[in-house]
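Visitor: The primary structure of each chain is shown beneath.
There are 2 protein chains.
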Amino acid sequence: MESLYVVKIGGNVIDDEEKLSSFLKSFASIQGKKILVHGGGKLATNLATQLNIPQQMIDGRRITDAETLKVVTMVYAGYVNKNVVAQLQAAGCNAIGLTGADGNAIQSHKRTNANTDYGFVGDVDAINTELFCLLLEKNISLVIAPITHDKNGQLLNTNADTIAQEIAKALSSRYEVSLIYSFEKKGVLLNAGDESTVIFAINPTYYSQLKAEQKIFAGMIPKLDNAFSAVNSGVKKIVIGNADDLEQLIEGTSGTTIVNE
Amino acid sequence: MESLYVVKIGGNVIDDEEKLSSFLKSFASIQGKKILVHGGGKLATNLATQLNIPQQMIDGRRITDAETLKVVTMVYAGYVNKNVVAQLQAAGCNAIGLTGADGNAIQSHKRTNANTDYGFVGDVDAINTELFCLLLEKNISLVIAPITHDKNGQLLNTNADTIAQEIAKALSSRYEVSLIYSFEKKGVLLNAGDESTVIFAINPTYYSQLKAEQKIFAGMIPKLDNAFSAVNSGVKKIVIGNADDLEQLIEGTSGTTIVNE
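In the order they appear, the protein sequences are chains A and B. Those letters in the first sequence? Residues 1 to 261, per the numbering used here, in order. Those letters in the second sequence? Residues 1 to 261, per the numbering used here, in order.
Certain hints may be false.
Which copy is meant is left open, so a pair is good if it fits within one copy or across any two.
No more than 30 Å apart at the CA atoms, straight line, and that leaves these computed lysine-lysine pairs for DSS-like [to be verified]:
#1 223 <-> 236
#2 19 <-> 151
#3 110 <-> 19
#4 25 <-> 215
Hints were generated in silico from the structure; no laboratory data involved.
Generate the whole structure from the sequences, applying the supplied hints.
Guide: Here you go:
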């Protein structure tokens, strides 16, 4: 099967024009089929502040009232998505920016939670693999903003990590998918404060051992649990590492690689 | 040749949730291939006001400085475009929202004008007919926000009427294109203040006569000159009329029809 790279960029890259520009040049240079999933949380928070729309976060999730939904739609689907696409075009990478509403790319439902009303937040139901493949087969790269829809006209703010993972899983029947989570750390660290303690590779056995010995930073456990769920669902590998090293993450010479064997 | 409808919606529809919702249901019900081009000027002005970004208009054109470009990108490509797409999906019309940067759909260059610096405003150079046809052939309707790019990474604010016309012209080699300009008036009026004086049809001979007799509202002349330029470039017909009557405009039973014969 042909390779496909699904790359999630973390917030700190989006907020930094210089870092973003350098990252996008690396992304554009990836040979073959590729999808970029972005957020833009800090820029959304900035705009909400300017507009006097109070922001509430619970466990790192943004409570999305109607006014905040407008803000994230403008920032993620408008400002960030279109500037990323224009920069990729300039770098010779033909890209199209999509939200989940576009071509019904990603359908979701509004999250219901007995304890917390997250507002207009979506949990993913379905990825339109036919649309993704139609565009990828024309060598068009996709840039996905973390806004989905419920097919009843409602846009929904949706976690970008989850979107990247659902896309990777859904397309793994058609491509050999590598899912790259790029952020500000060099990878999964044994010691959260020490960048020299990057774990090069984790398989299920080693992961159980790390957890049993409580050697892994607690905040990483939900991310790693998700990663193993993805490699159990057909994704070939997941690499977690620094956005500055995208080419090395693709080659597997930097970051932490998660495999199912 | 198969029919294609290119519909431009005017600003007053975009600003009015109820009108927009009703309009989009009519648009969704159009049988066959269709493209919607929208603006969103008043919403952009409102956001600019909230953000204390002064707006300057010259001859109805927005001077687009860097901050204003951010605003129009957020409003047109984000808020308006994605809400329109979500509503069309709810109405059973599979649609994708695009700016000119997406898939290099519409390439432009920054306007240079010896007298006025319009800022980040684009004049259209090329329509990517291959991309438009790829999506239309899959029965995906397109929703175009009036933001283009110069292929060097710069987004450019671009007149939506012009975009609609350039798309109509470019696709007229592949489809029998009807271009519909829907706005708040019932059509081209002999007497600007009197909605009962709609001209049903104008051909070049009649147009020359109307101009010679100064029977046409001066503000309409540039629009009509553009319309005749389009029908001279292969567009089958242009209909100008009220957005509330979209179905009748499509049928040719309302509005003013401009033809080249």
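Visitor: Give a verdict on every hint.
Guide: Right, here's what the structure says about each hint:
no. : hint        : in the structure
1   : 223 <-> 236 : within (17 Å within a copy, 56 Å between copies)
2   : 19 <-> 151  : between (36 Å within a copy, 20 Å between copies)
3   : 110 <-> 19  : between (34 Å within a copy, 26 Å between copies)
4   : 25 <-> 215  : neither (36 Å within a copy, 57 Å between copies)
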